[in-house]
Amino acid sequence: SQQGEEDPQALSIQEGENATMNCSYKTSINNLQWYRQNSGRGLVHLILIRSNEREKHSGRLRVTLDTSKKSSSLLITASRAADTASYFCATGTGFQKLVFGTGTRLLVSP
Amino acid sequence: ETGVTQTPRHLVMGMTNKKSLKCEQHLGHNAMYWYKQSAKKPLELMFVYSLEERVENNSVPSRFSPECPNSSHLFLHLHTLQPEDSALYLCASSQDRRTGETYEQYFGPGTRLTVT
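Heads up: the protein sequence lines correspond to chains A and B, in order. First residue of the first sequence? That's 1 in the numbering used here, and the numbers climb one at a time after it. First residue of the second sequence? That's 1 in the numbering used here, and the numbers climb one at a time after it.
Some chain A residues near chain B, calculated using beta-carbon distances under 7 Å:
1) N30
2) G42
3) L48
4) G92
5) G94
6) Q96
7) G101
8) T102
Think of the hints as simulated: they come from the structure by calculation, not from any bench. We treat Cβ as the ideally placed atom computed from N, Cα and C, and that holds for glycine.
With the sequences and hints as input, model every part of the structure.
In structure tokens form, the structure reads like this:
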């Protein structure tokens with residue numbers, strides 16, 4: 001069954017605003033990862049948070065993980081037009097297997 | 001795009017053709033992956049190779065045949081495909097440190113496949 005589901009499916013904001021995307025999953029994980037994909041291109045790894053971590057930062061990105069609720073959120077602060085992309089969460093369940101969600105399409109307007 | 005490269009970037013083939021997709025990684029990784037990305041569907045893991053051994057085969061039809069001759073190269077051989085196989089095929093690589101943890105993956109730009 002599908003592991004990660006992102007919410008919302010689409011998000012439209014203005015430059016400078018913050019964007020928050022959520023991910024829910026169903027089974028035990030060893031880590032959760034977020035990726036970005038520009039239209040029709042390959043995915044780019046953004047950040048990895050381990051199951052024993054609750055929060056992680058990388059530049060303008062902040063990721064939280066709540067294993068009791070089986071959910072994660074990705075916050076992009078002070079968004080830019082260049083942040084326009086699809087964002088995917090992926091759960092690591094061991095042995096090099098990642099299960100991806102359906103993604104959130106983010107549109108940042110100038 | 002010097003990390004993971006894929007060729008061709010676009011491919012149009014008939015249902016009776018045979019073609020191959022190629023992936024090469026320049027990152028020194030020892031695990032490689034094929035994914036299928038179709039519209040409105042999550043990314044689907046097709047095959048995983050670790051240390052050149054196939055360790056995952058997610059019930060992929062036999063018309064898709066992977067080959068991993070060494071840790072830097074991965075192929076996907078295609079034959080007698082169906083129109084529903086049209087999709088973006090993504091290759092990725094990572095380092096398998098044999099700890100059981102899933103490490104970050106590095107993706108190529110993909111091959112856009114259209115089956116007519």
